[in-house]
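Given chain A, put chain B in place with the hints provided.
Chains as they are written, first to last, in my numbering: chain A, 1 to 116; chain B, 1 to 111.
All clues given are correct.
A short list of chain A residues far from chain B (calculated; beta carbon distances all over 10 Å):
#1 Asn62
#2 Thr98
#3 Val114
Straight-line Cα separation of at most 30 Å, DSS-like style, residue types lysine-lysine; simulated pairs:
#4 B/Lys42 - A/Lys78
#5 B/Lys42 - A/Lys113
#6 A/Lys70 - A/Lys113
#7 A/Lys70 - B/Lys42
#8 B/Lys83 - B/Lys42
To be clear, the hints were calculated from the coordinates, so they are not data collected in a lab. Beta carbons are placed, not taken as given, at the ideal position from N, Cα and C, and that holds for glycine.
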Amino acid sequence: AQTVTQSQPEMSVQEAETVTLSCTYDTSESDYYLFWYKQPPSRQMILVIRQEAYKQQNATENRFSVNFQKAAKSFSLKISDSQLGDAAMYFCAYRSATSGTYKYIFGTGTRLKVLA
Amino acid sequence: EPEVTQTPSHQVTQMGQEVILRCVPISNHLYFYWYRQILGQKVEFLVSFYNNEISEKSEIFDDQFSVERPDGSNFTLKIRSTKLEDSAMYFCASSEALRAFFGQGTRLTVV
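Here chain A stands alone, though its shape is the one from the complex (with noise of 0.2 Å):
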């Protein structure tokens, strides 16, 4: 079965500064999809970013980016220039892209403080 393991329960990060928070997985396929949600504490799960795991290159939007080490079966999110407004529960997931199974899997979260 797959797991998904956020190993830092909290993080802070100055506003303005960069922030990486750590996801690791582990599976036993090959083909899959990778997310990083945000919680806000209005509760209602965003989606950040995606990574297909047959794609090489990193994903990026905006001020998020992945660092996707798919041998290592590592998928961290990197926040730029952070702002307040980025203050969060911050969610990795994955998904079976073959398996026929269309859950998403979840870990515990990373509750990320933005310091004014």
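Showing chain B alone in chain A's frame:
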């Protein structure tokens, strides 16, 4: 941006009572999910629904739980006889192939 809508936002129920949590997924999506989150902790998978039937369910999703699409648009989660440990935030999600959209959740409190 399209939204998944959940009602009610908060429900308080007595232990042993039945509750129905409602969700309106995004209209052209084919995959639907229920997740729960206890005390802001891990987001746990309950069930996925595709082509009008359950495609997968977790160990949590026992006989006390059921899901339906009663009218082809709404997607409901029923808990037949609630327990104290069912208190959690319940999230509905719908998905196209590569992106899941989550609702704002229903906070269920069992007393």
